[in-house]
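K.L.:
Listed below, chain by chain, are the residues.
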Amino acid sequence: MSTQNCFHCGLIIPKNEVIVFDEKQFCCSGCKTVYEIFSLNDLTCYYDFEKSPGATPQDIQGKYDFLDNENIQLKLLEFQEDTTAIVSLNIPHIHCSSCIWILENLNRLKSGISASQVNFPEKKVRITYNPEKITLKDIAYTLSSIGYEPYISLENYEAGKYDVDRSLTYKLGVAFFCFGNIMLLSFPEYFEVKEFWLDNYKPFFRWLIFILAMPSFLYSASGYYVSAYKSIKSKMLNIDIPIALGIIVMFIRSTFDIVMDYGSGFFDSLTGLIFFMLLGKMFQIKTYSFLSFERDFKSYFPIAVTRINPNTREESIPIYDIDKGDRLLIRNQELIPVDGILISDKAEIDYSFVTGEAVPITKKSGDKVFAGGKQIGKVIEMEVLHTVSQSYLTQLWGNDIFQKDVQQKHKTITDTISRYFTPILLLIAFAGFGYWVFIDANTAFNVFTAVLIVACPCALALTAPFTFGNILRILGKQKFYLKNALVIEQLAKVDTLVFDKTGTITTNKKSNISYEGESLSSENLEMLKNVLRASNHPLSRMLYDFLPETKRIKLDDFKEITGKGILAVIENHQFQIGSFSFVANQEENSIQQTSLHIKIDGIYYGKYIFNNQYREGLGELFKELSLHYKIKVLSGDNDGERETLENLLPKGTELVFNQKPEQKLTFIKDLQDQGHNVMMIGDGLNDAGALAQSNVGISISENVNVFSPACDAILDATEFRHLNYFLKLSKNSIKIIKMSFVLSLLYNVVGLTFAITGNLLPLVAAIIMPLSTITIVSFVTLMSNYYAKKK
Amino acid sequence: MSVIYLLISVSIIIAIGFFIAFVIAVKTGQYDDDYTPSVRMLFDDEIKKTPNNKIKTTKEKQI
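Those protein sequences? They're chains C and X, same order as listed.
The first sequence lines up with residues 1 to 791 when you count with UniProt numbering.
The second sequence lines up with residues 1 to 63 when you count with UniProt numbering.
Hints listed in this document are in silico derivations from the structure and should not be mistaken for laboratory results.
Every value quoted in this text rests on a predicted model; they were computed, and no experiment measured them.
C-beta: ideal position from N, C-alpha, C; glycine also.
Heads up, a few of these hints could be off.
Claimed, not checked - Label pairs and their computed distance ranges (CB to CB): (1) C/Arg473 to X/Arg40: 18 to 26 Å; (2) C/Gly476 to X/Met41: 23 to 31 Å; (3) X/Lys27 to C/Ala431: 30 to 38 Å.
Claimed, not checked - Here are the simulated lysine-lysine pairs, DSS-like style, with alpha carbons at most 27 Å apart: (4) X/Lys27 to C/Lys281; (5) C/Lys529 to X/Lys27; (6) C/Lys669 to C/Lys493; (7) C/Lys554 to C/Lys346; (8) C/Lys479 to C/Lys281; (9) C/Lys554 to C/Lys623; (10) C/Lys660 to C/Lys731; (11) C/Lys554 to C/Lys378; (12) X/Lys27 to C/Lys124.
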């Protein structure tokens, strides 16, 4: 019974704080309340599917008041009528089958809800409810009360109803339909049964095949014609040109064959080819619907804030309606949406989003506060200086890098190959035609078309999609989520790695606290902890969590002085906790450390130092990386940690401190101008510019569902030390592609020998084509799995 | 002999029928979420046993 886990959320329960209810142990009254709600409503099945599936409900007093605003409601609802409304809410906590079960049984919890359906991959729940019986705000509160707090941000507000693009699925369906039926109808031709009645029906079969091939040729393959046309127009030879050429020539030749009654044509190969290539395209697309790679500040910002009207009435308004001069109310943990002036006498603002600075800044009445900060502690009031779009933080998005079309022109490995492939192919085709034209004009035409048909680089075009698709899935399983397959190629090309410091190579989760000075007796520690309990300052909270559990002692006197520290009297001892200047009455000489100084009964004892906690395995990771890459560390922080970092990181690592978001962006740009391929690894909004500018921007996230700026890949923070493995794997995938290029070219050579000699029968084409496809696909799949296992 | 026309047209019509069913399935979004339904279908049996629980918990609440 040394460690107990909470029945609801699974957290380890601290000693002496167990709450026993219904023979079950809970870590806090929040978890207990959720259990109570469930057991009163016959919903305890929740705990049967998964062990400790819950989350502790957070205090959200007043947080969702804006949902009463009709304009906001209108934007969020999918459908609305008198007695029915439908809303889709994003719930990051959805993670197991218990979650699905409880969320789909919401109607048993609240009678106004008629149905709810979970979309697990997107972590969304779609709720149908009766607005006369229950309001949207009530739903949000109900969800929060059972630990499923919905995540509603400005992004939801702006996004309209979007249509999913399903055209590839349709194309694939059409291609498969045509391919399958044509194959069946072609069988008599393959075996050349010399039966009278089959011969009689030959034209019927052939024309039926022709008709069946039309949808595949015209609709399914249409993407290739468009892409080929575009690439010719921009004078870049990509792989789609020989593909489109092959398809068109194949169609014309086959039609010609049927019309002239020369043979059955290549319709079976044609439709098979289109089907396999579309399948490759489909396989390459692996989307993580619960992630978003396009986030900007909007997904961080709340939809609405509370405005205090001149008649002191509070009102929830959308943040775009904020005007200069308005008075806003910001609650604990709320984001400040605009620049303004603080009116309340003090505020603790956490700017870690914007600057990367981990420790909150204290602001006094009259100070300027910037958008992007998060208020910690009490409710504050502020007066607006700029509207949302003119605030300091949002102006970063005015930078060119965010306006630019992200589809940068970079050559993929397949395109590089096809630059040589296409001219050579045309050369062979014309050479064959030139040779045969003097012998037999008819054969010359046959050879010319046969070359284009057989060389149609189906296997070549399939190589990259299947390799990348497979690697993408392997990486996804290891919690490294890539935006698309192109990122793998970019990863393989990277030669310089730039790391952000705060939040990237350090973790925000834990702070490393150490004590320096005269040791404190256990009574003193006990009292210190009780003094800290009363304080809301983040540093006090951190230190409070760090100190061992003690019994509670009543404070006799307590005074918190903004920006300085705490004065308290406890059991007739006087405590002074705070900054050095406050405690010791003199200026501090080394300001670079974040520390809390302790003075008891007028005697200075020592200080608690808050160090950054570096991620596990950081040293080894950097050592391995430094063998192949140039490493640089950028930080928005001051250089207080320079020495620690220099000891930790391999020699030659460049460290740059005091970098503003724009400076980070230019730093990356300068490196690129020197010809480097830069990978930026960062977190938070302060890196957003640098992430967008870099060749590959990777965002580290403690919780992948929320809070990651626009980037090319999202890496779960727990997998950070495997970064080198990921980079190696991406390099190996390029190797695999090169190997299978050789293999598929071999098939082309075999096919070409048939074609050049004028012996390409439809049957030969029908065998070579699927055979090459299958070998290539299995080869790349096996190889990529092999390399993935090799750590 | 012309039964072959009949057979083939019947087979093509059936194939088209399946194709249309596929298109409708895609259109209504059945392929958008390929995970949740697999979990959901396992729930039904387990809901029934709750009545006992209710009595138990209410009793304990009174204590």
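K.L.:
Next, verify each hint and record whether it holds.
P.N.:
Evaluation of the provided hints:
no.: 1; hint: C/Arg473 to X/Arg40: 18 to 26 Å; verdict: holds (24 Å)
no.: 2; hint: C/Gly476 to X/Met41: 23 to 31 Å; verdict: holds (25 Å)
no.: 3; hint: X/Lys27 to C/Ala431: 30 to 38 Å; verdict: violated (49 Å)
no.: 4; hint: X/Lys27 to C/Lys281; verdict: holds (20 Å)
no.: 5; hint: C/Lys529 to X/Lys27; verdict: violated (61 Å)
no.: 6; hint: C/Lys669 to C/Lys493; verdict: holds (17 Å)
no.: 7; hint: C/Lys554 to C/Lys346; verdict: holds (26 Å)
no.: 8; hint: C/Lys479 to C/Lys281; verdict: holds (23 Å)
no.: 9; hint: C/Lys554 to C/Lys623; verdict: violated (51 Å)
no.: 10; hint: C/Lys660 to C/Lys731; verdict: violated (33 Å)
no.: 11; hint: C/Lys554 to C/Lys378; verdict: holds (22 Å)
no.: 12; hint: X/Lys27 to C/Lys124; verdict: holds (20 Å)
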